[in-house]
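Peer 1: Chains as they are written, first to last, in the working numbering: chain A, 1 to 473; chain B, 1 to 144.
Since the hints were made in silico from the structure, they are not lab data.
The beta-carbon is built from N, C-alpha and C at its ideal position, and this holds for glycine as well.
Keep in mind that the hints are not guaranteed to be accurate.
[Said to hold, decoys possible] Cross-link-like lysine to aspartate or glutamate pairs, in silico, DMTMM-like; alpha carbons within 25 Å at most:
id, chain 1, residue 1, chain 2, residue 2
1, B, LYS83, A, GLU128
2, B, LYS83, A, GLU78
3, B, LYS97, B, GLU43
[Said to hold, decoys possible] A short, non-exhaustive set of chain B residues, derived as facing chain A with CB atoms under 8 Å:
id, residue
4, ILE13
5, LYS53
6, TRP56
7, GLY63
8, ALA72
9, TYR73
10, PHE74
11, GLU77
12, PHE85
13, VAL93
14, PHE95
15, ILE96
16, ARG108
17, THR130
18, GLN143
[Stated by the list, open to error] Okay, the calculated beta carbon distance ranges per label pair:
id, chain 1, residue 1, chain 2, residue 2, range
19, B, GLU38, A, TRP88, 26 to 36 Å
20, B, ILE22, A, LYS462, 50 to 60 Å
21, B, PHE5, A, ASP421, 52 to 62 Å
22, A, GLU115, B, ILE22, 32 to 42 Å
23, B, ILE104, A, VAL108, 20 to 30 Å
24, A, ILE96, B, ILE50, 54 to 64 Å
Here are the chains, one letter per residue:
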Amino acid sequence: MKFQSQSVAMPYFIAALGLFVGQIIFGLIMGLQYVVGDFLFPEIPFNVARMVHTNLLIVWLLFGFMGAAYYLVPEEAETELYSPKLAWILFWVFFIAGVLTVAGYLLVPYARLAELTGNDLLPTMGREFLEQPTITKAGIVIVALGFLFNLGMTVLRGRKTVVNTVLMIGLVGLAVMFLFSFYNPDNLVRDKFYWWYVVHLWVEGVWELILGAILAFVLIKTTGVDREVIEKWLYMIIAMALITGILGTGHHFYWIGTPEYWQWLGSIFSALEPIPFFMMTLFAFNMVNKRRRDHPNKAAVLWAMGTGVMAFLGAGVWGFLHTLAPVNYYTHGTQITASHGHMAFYGAYAMIVMSIISYAVPQMRGRIANCNRAQVMEMWGFWLMTVSMVFITLFLTGAGILQVWMQRYTDTPLPFMTVQDKIEIFYWLREAAGVVFLIGLVVYIKSFFTGSEQEAVEDYTKSITQRDYAAAE
Amino acid sequence: MNETFTKSMARNIFYGGSLFFILVFIGLTLHTERVLPERDHRENITPEVILGKKIWEENNCIGCHSLLGEGAYFAPELGNVYKRFGNSTAAIVGFIKSRPVEGIPGRRSMPQFNLTDEELQALAEFLKWTSEVNTSNWPPNIQG
Numbered sequence: 001m002k003f004q005s006q007s008v009a010m011p012y013f014i015a016a017l018g019l020f021v022g023q024i025i026f027g028l029i030m031g032l033q034y035v036v037g038d039f040l041f042p043e044i045p046f047n048v049a050r051m052v053h054t055n056l057l058i059v060w061l062l063f064g065f066m067g068a069a070y071y072l073v074p075e076e077a078e079t080e081l082y083s084p085k086l087a088w089i090l091f092w093v094f095f096i097a098g099v100l101t102v103a104g105y106l107l108v109p110y111a112r113l114a115e116l117t118g119n120d121l122l123p124t125m126g127r128e129f130l131e132q133p134t135i136t137k138a139g140i141v142i143v144a145l146g147f148l149f150n151l152g153m154t155v156l157r158g159r160k161t162v163v164n165t166v167l168m169i170g171l172v173g174l175a176v177m178f179l180f181s182f183y184n185p186d187n188l189v190r191d192k193f194y195w196w197y198v199v200h201l202w203v204e205g206v207w208e209l210i211l212g213a214i215l216a217f218v219l220i221k222t223t224g225v226d227r228e229v230i231e232k233w234l235y236m237i238i239a240m241a242l243i244t245g246i247l248g249t250g251h252h253f254y255w256i257g258t259p260e261y262w263q264w265l266g267s268i269f270s271a272l273e274p275i276p277f278f279m280m281t282l283f284a285f286n287m288v289n290k291r292r293r294d295h296p297n298k299a300a301v302l303w304a305m306g307t308g309v310m311a312f313l314g315a316g317v318w319g320f321l322h323t324l325a326p327v328n329y330y331t332h333g334t335q336i337t338a339s340h341g342h343m344a345f346y347g348a349y350a351m352i353v354m355s356i357i358s359y360a361v362p363q364m365r366g367r368i369a370n371c372n373r374a375q376v377m378e379m380w381g382f383w384l385m386t387v388s389m390v391f392i393t394l395f396l397t398g399a400g401i402l403q404v405w406m407q408r409y410t411d412t413p414l415p416f417m418t419v420q421d422k423i424e425i426f427y428w429l430r431e432a433a434g435v436v437f438l439i440g441l442v443v444y445i446k447s448f449f450t451g452s453e454q455e456a457v458e459d460y461t462k463s464i465t466q467r468d469y470a471a472a473e
Numbered sequence: 001m002n003e004t005f006t007k008s009m010a011r012n013i014f015y016g017g018s019l020f021f022i023l024v025f026i027g028l029t030l031h032t033e034r035v036l037p038e039r040d041h042r043e044n045i046t047p048e049v050i051l052g053k054k055i056w057e058e059n060n061c062i063g064c065h066s067l068l069g070e071g072a073y074f075a076p077e078l079g080n081v082y083k084r085f086g087n088s089t090a091a092i093v094g095f096i097k098s099r100p101v102e103g104i105p106g107r108r109s110m111p112q113f114n115l116t117d118e119e120l121q122a123l124a125e126f127l128k129w130t131s132e133v134n135t136s137n138w139p140p141n142i143q144g
């Protein structure tokens, strides 16, 4: 860590991982409700568990992005953060707002929460992923503005780098697109149309810029490859992301009442959306191959390479699987969608946040890397979570294929619930994979509490000595 | 990537390409808005339908169901439920009203939301209007 103020990233990362644990626990509850329908009913009905699961995901990723920004922007700009105090205040505002919102979901019926928070004044609640009360949404905007101001002032007075520019464009885009969440027309078709301006243009638009910038930063630091090379890759990746992703929004406009030309536009452009993700994989592997140094933080390099591969598989391949309109006609809104959602969010966004955490947290704790023991444990966490996520995705894909066949494709379609009963085995397998994921997450968290600073220094010295011996021979 | 392809070329592709497609997207949005009235039958959006949408939202129905394929996949698609229930708003009202408070042992069950008759009727009208949107023939069959 080069600047004292970078350490403000720490609470953001801790909060992110804490909420991540909560997300997974609620994921397991929902997974069980898929097969044991009355589990926790009526105390925690499925819709509440799901809202907590998805909202915690969004909030922990936002905490992760903010932590990443507070860590890397000052280092890139080569100056202290404009106001660490503001960053701390916003941390608590965001954290308390988040906790209160989730508590609201769990403690009172949703309709009562809507009433208590004055949803009547500006109704924005009750839409997928945007379930937060309007006042929480307003709070998010205020936090985002303060955050962007703090970073903007830092960038302005420091060195201008491509990583910072791209990250800032991504974060500003995130805040701007979120404003569409306040627009809720009475006409459902128009409501859905602009809802995607938030959801799609986040995850298949500006978030990719944030992802690219964080990945580039971690690769610069861990591989020592020339900045010029990395920046050129970064520009090409994000160029392809927006060139394909903006009109790729059309793949959500097939069946919601929007005109039929979107079937062509959406199919063509979203079929190209895997390209930027494939480039990210090439980027990560190429940079590691061309590395000019062997960074002792092997775990961070693993996360960075893993992000490239899993983002390509989850967002790219599993997205392509059902993005063409004639295919999507049958798969739209089935477990196929759920399978894609899981691996894409994990592979692209959960993993990039864990990449920067893996690199930055040891630095903030005053070591270049954790001791070998802690890194091995972290890598166990990586593999357990990543492999179990592959299986969650495969099981949901299996469930989805059967669902599409029995409910949509045959000449004698069966009712939804009949089909759900028939594909139960896949939900049990998914739940088992989910338990392994939680074990992986626990191992990962435990790695932070493994090994002392002393041990880290010893391992690092040993590795340098070994390398020198090897070079001498 | 070789030396003849420079960083500033990559940067220009990013800014130029993004700007171009943002403009195309805005243009298409305006066009979609212009032709939507023929497909969404907005002339049928009565105050009752508007109230129904609000009831739909304030009870987080999307947290279990999908509507025109979007939402959760835990409970049936409702974009065509009006047609599935024999073109009857009364059947929709009756179903929602009859949900047991304590659920059904071992099975998924819709919660009892204790909606008033007026709210139930509005919700059913909203679902009826939704089923009449031109969705390019989606879902493929009545099961949703």
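Peer 1: Now look at each hint and say whether the structure bears it out.
Peer 2: Hints versus structure:
no., hint, in the structure
1, B:LYS83 / A:GLU128, "24 Å, holds"
2, B:LYS83 / A:GLU78, "63 Å, violated"
3, B:LYS97 / B:GLU43, "29 Å, violated"
4, ILE13, "5 Å, holds"
5, LYS53, "6 Å, holds"
6, TRP56, "7 Å, holds"
7, GLY63, "3 Å, holds"
8, ALA72, "6 Å, holds"
9, TYR73, "6 Å, holds"
10, PHE74, "5 Å, holds"
11, GLU77, "6 Å, holds"
12, PHE85, "12 Å, violated"
13, VAL93, "18 Å, violated"
14, PHE95, "13 Å, violated"
15, ILE96, "14 Å, violated"
16, ARG108, "3 Å, holds"
17, THR130, "6 Å, holds"
18, GLN143, "4 Å, holds"
19, B:GLU38 / A:TRP88: 26 to 36 Å, "54 Å, violated"
20, B:ILE22 / A:LYS462: 50 to 60 Å, "53 Å, holds"
21, B:PHE5 / A:ASP421: 52 to 62 Å, "56 Å, holds"
22, A:GLU115 / B:ILE22: 32 to 42 Å, "39 Å, holds"
23, B:ILE104 / A:VAL108: 20 to 30 Å, "24 Å, holds"
24, A:ILE96 / B:ILE50: 54 to 64 Å, "34 Å, violated"
This entry does not satisfy hints 2, 3, 12, 13, 14, 15, 19, 24, going by the numbered hints stated previously.
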